[in-house]
Amino acid sequence: MTAPFDLNDDSVVVIIGTGAGGGVLANELAQKGISVVALEAGGRYLPEDYINDEWDSFGQLAWTDARSTSGDWRVARDFSGLPAWIVKAVGGTTTHWAGASLRFQDHEWKPRTTYGDVEGANLIDWPIDPREMDDYYTKAETKLGVTRTGGRPGLPGSNNYKVFEKGAKALGYEEVHTGRMAINAVDNDDRLACQQTGFCFQGCKWGAKWSSAYTDIPRGEATGNLEVRERCHVMRIEHNQAGKVTGVVYVDADGTRHEQKARVVCVAGNSIESPRLLLNSASSMFPDGLANSSGQVGRNYMRHVTGSVYATFEQPVRMWRGTTMAGIIQDEARHDPARGFVGGYELETLSLGLPFMAAFLDPGAWGREFTTALDHYENMAGMWIVGEDMPQETNRITLNSDVTDQHGLPVANVHFDDHPNDVAMRAHAYQQGIAIYEAVGATRVFPTPPYPSTHNLGTNRMSEKPRDGVVNAHGQSHDIANLFVSDGSQFTSGAAENPTLTIVALAIRQADFIAAEMGRQAL
Amino acid sequence: MSLRKHGMTRRQLLSQSALFGASFVIGAGYVAGKAEAANWAIEVEHLKPETMATLIQMARDIYPHDQVGDQFYALAVKGYDSAEAAPGIEEGIAALNEAARGIGYAAYTLIGWERDRVDLLRSLEDTAFFQQIRGGLVTGLYNQKAVWPIFGYEGESFSQGGYIDRGFDDINWL
Ligand SMILES: Cc1cc2nc3c(=O)[nH]c(=O)nc-3n(C[C@H](O)[C@H](O)[C@H](O)COP(=O)(O)OP(=O)(O)OC[C@H]3O[C@@H](n4cnc5c(N)ncnc54)[C@H](O)[C@@H]3O)c2cc1C
Ligand code: SF4
Chain G
78 MTAPFDLNDD
88 SVVVIIGTGA
98 GGGVLANELA
108 QKGISVVALE
118 AGGRYLPEDY
128 INDEWDSFGQ
138 LAWTDARSTS
148 GDWRVARDFS
158 GLPAWIVKAV
168 GGTTTHWAGA
178 SLRFQDHEWK
188 PRTTYGDVEG
198 ANLIDWPIDP
208 REMDDYYTKA
218 ETKLGVTRTG
228 GRPGLPGSNN
238 YKVFEKGAKA
248 LGYEEVHTGR
258 MAINAVDNDD
268 RLACQQTGFC
278 FQGCKWGAKW
288 SSAYTDIPRG
298 EATGNLEVRE
308 RCHVMRIEHN
318 QAGKVTGVVY
328 VDADGTRHEQ
338 KARVVCVAGN
348 SIESPRLLLN
358 SASSMFPDGL
368 ANSSGQVGRN
378 YMRHVTGSVY
388 ATFEQPVRMW
398 RGTTMAGIIQ
408 DEARHDPARG
418 FVGGYELETL
428 SLGLPFMAAF
438 LDPGAWGREF
448 TTALDHYENM
458 AGMWIVGEDM
468 PQETNRITLN
478 SDVTDQHGLP
488 VANVHFDDHP
498 NDVAMRAHAY
508 QQGIAIYEAV
518 GATRVFPTPP
528 YPSTHNLGTN
538 RMSEKPRDGV
548 VNAHGQSHDI
558 ANLFVSDGSQ
568 FTSGAAENPT
578 LTIVALAIRQ
588 ADFIAAEMGR
598 QAL
Chain C
143 MSLRKHGMTR
153 RQLLSQSALF
163 GASFVIGAGY
173 VAGKAEAANW
183 AIEVEHLKPE
193 TMATLIQMAR
203 DIYPHDQVGD
213 QFYALAVKGY
223 DSAEAAPGIE
233 EGIAALNEAA
243 RGIGYAAYTL
253 IGWERDRVDL
263 LRSLEDTAFF
273 QQIRGGLVTG
283 LYNQKAVWPI
293 FGYEGESFSQ
303 GGYIDRGFDD
313 INWL
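Chains as they are written, first to last, in this note's numbering: chain G, 78 to 600; chain C, 143 to 316.
Worth flagging that the hints you see were computed from the coordinates, not collected in a lab.
What you are looking at is a predicted structure, and each value in this text was computed from that prediction instead of being measured.
Hints are supplied without guarantee of correctness; some may be wrong.
What the hints assert, rightly or not - Chain G regions said to be covered by chain C (calculated; three or more residues, Cβ under 8 angstroms):
{"no.": "1", "segment": "239-245"}
{"no.": "2", "segment": "272-284"}
Unchecked claim - With beta-carbon atoms standing in for the labels, derived distance ranges:
{"no.": "3", "chain 1": "C", "residue 1": "D208", "chain 2": "G", "residue 2": "D329", "range": "46 to 54 angstroms"}
{"no.": "4", "chain 1": "C", "residue 1": "R243", "chain 2": "G", "residue 2": "D329", "range": "37 to 45 angstroms"}
{"no.": "5", "chain 1": "C", "residue 1": "I292", "chain 2": "G", "residue 2": "L84", "range": "32 to 40 angstroms"}
{"no.": "6", "chain 1": "C", "residue 1": "E256", "chain 2": "G", "residue 2": "D194", "range": "52 to 60 angstroms"}
{"no.": "7", "chain 1": "G", "residue 1": "H184", "chain 2": "C", "residue 2": "D208", "range": "51 to 59 angstroms"}
{"no.": "8", "chain 1": "G", "residue 1": "G441", "chain 2": "C", "residue 2": "K287", "range": "20 to 28 angstroms"}
{"no.": "9", "chain 1": "C", "residue 1": "D261", "chain 2": "G", "residue 2": "A270", "range": "49 to 57 angstroms"}
{"no.": "10", "chain 1": "C", "residue 1": "E256", "chain 2": "G", "residue 2": "D266", "range": "54 to 62 angstroms"}
{"no.": "11", "chain 1": "C", "residue 1": "T281", "chain 2": "G", "residue 2": "H335", "range": "32 to 40 angstroms"}
{"no.": "12", "chain 1": "G", "residue 1": "A143", "chain 2": "C", "residue 2": "P229", "range": "22 to 30 angstroms"}
To be verified - Chain G is faced by these chain C residues, among others (derived, beta-carbon under 8 angstroms):
{"no.": "13", "residue": "T269"}
{"no.": "14", "residue": "F271"}
{"no.": "15", "residue": "G304"}
For every residue, glycine included, the Cβ atom is placed at its ideal position computed from N, Cα and C.
Isolated chain G, as found in the complex:
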């Protein structure tokens, strides 16, 4: 059924990347009868291929092409070549993701208005009204089968959740539940219910967790309007004298280069690769890279204020049993400057297996202080902090010409320094996380530093005014009408919530816009 399109077919929409943004956009356009060629750097893996072993799965799915780091974040020291944990596969990082699916709070669409002028932060409001998103959020929740929305039941609470919930209630928290998760609590949408196997980060072998790899992508292909070319890495985007994009040059699995013509190009390579591609596409007409007249391509890189709190108890918890993210506390997600910072954060349970715990609990640490923590791995519970970080112009993706990838292209350097607001928020969240576990009798607590970034946002941000950002309210670049950004790099701000539901909602919305614009021949 999959449609093979000709390289010279310039009527197709080319989408680069098939993750949360690209995978959904591809299907949505295909369902509308629009011809789509999706180019994906990674290979195709389905539930039967996923490996329930942390490092083996990482080797199978993660993006391990060269990258470099700089800045004061600890990741630059501990994982200098691995700034981010992102997937290179059909389905993108939706194979790895935990499934937490939360709507933004209304005020988070207007951070500049709500938080005011925060020194050192490059804050602007989203050019979107929260009410415009309501229907798209509902569509996204239906697509993902999000629990506790649309009448769908919640997941049952695991051991890790029960410890977390008891501590949360002891502290007086009220919004505590097993989360709104893109994981089936009951069979839904031709996918099984969750069997609590506990390897959500490694690809769900039951298909209980939503991933575009086995939902949107095959459904799009089934229309006959979508062709996914896997193991095809896009090297640059081409344009004509009129300043319109005309196609993309990519290299296939055999190392052969091709040029695919296009009517519209949508970039959805995640917030590190998308700006890298725009910068690597510089030409004499666009010497600073495509869509970069504002100079904002690659800037305002956000990764959420994160960190984890693990704790050991006198008796076993066995947190690895069951969903990786098993519950949430939302009380701290509000904006309440009385806490000493703007914006808010969520607390979500998290579990790592022993191999990842050894690597991430306190990277670089050794000796008995470290090993006695692992000795009580069975008695550990864990949670993750996810809060709004401040966009800063100097936190950015740049091209590092000293390092090239296997295709000879300059790699992305990821520079990140914490903003004082980020530091204050993390300190508060650690304190609350520790208090939660101490309330249940923790014998020792571990305020664990952030992992390589899993939420990568903001590097081609939306703005009302072209000088403030890269794309408009529909993800269309301010400079080039037929060039779109369709992934998390469009985010104007990070909000406290895990980003994927919003990425998906924006992709559905963008598909409507592209179809309408094509319909009236504006594209």
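Starting from the known structure of chain G, arrange chain C with the ligands on it as the hints suggest.
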């Protein structure tokens, strides 16, 4: 990279070997568990046996788990016994022994207290050699499936149908 049982009997091996350090018996080309009950040995081809024995002690001092036997540490560092890696390892261990001599011991493995060995390692913490060994252990030790049960970690559960009926919510002490 598997632990090979040596061809000789334990008695033969012991008779041929010198007592080295606190932990190991070294035969020609072998490093073995010292205890009578220990039934493991590894053959070294490129590293000196004493070097391998020191490396195993160093590995344990970096990530000490008293319930984890030496064979797991041996397996974790066995990969350094290659033509490529051996020269650098010999050099690193020589420097470690040199440092041990500096505080009055003939060799690193002859330092009796873990505390004193750890102090020595702390002073070498920023060397590329120390970081190579430490970094390699993170996966070399903790990614061995055979050590997981020692920590209670159960690994994959898909083949058993997940934990939905096998205790994902069985906590009873809260
Ligand atoms: C362990 C983990 C847990 C997570 N848990 C959650 C969660 O619970 N909730 C949540 O909301 N989010 C979660 N996330 C984040 C979520 O997965 C991402 O935010 C989301 O997938 C990002 O979507 P995207 O479209 O921006 O990029 P991706 O999904 O990363 O897709 C980008 C795709 O583009 C491809 N690509 C890149 N460059 C090129 C190129 N030049 N040519 C061709 N293809 C290219 C990549 O291979 C990749 O497949 C998690 C992430 C991780 C790693
Ligand atoms: S815990 Fe549930 S969602 Fe996670 S991998 Fe297992 S079956 Fe899938």
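> Tell me, which hint numbers fail for this structure?
Replying inline: As far as the earlier hints go, 4, 5, 13 and 14 are violated by this structure, in ascending order.
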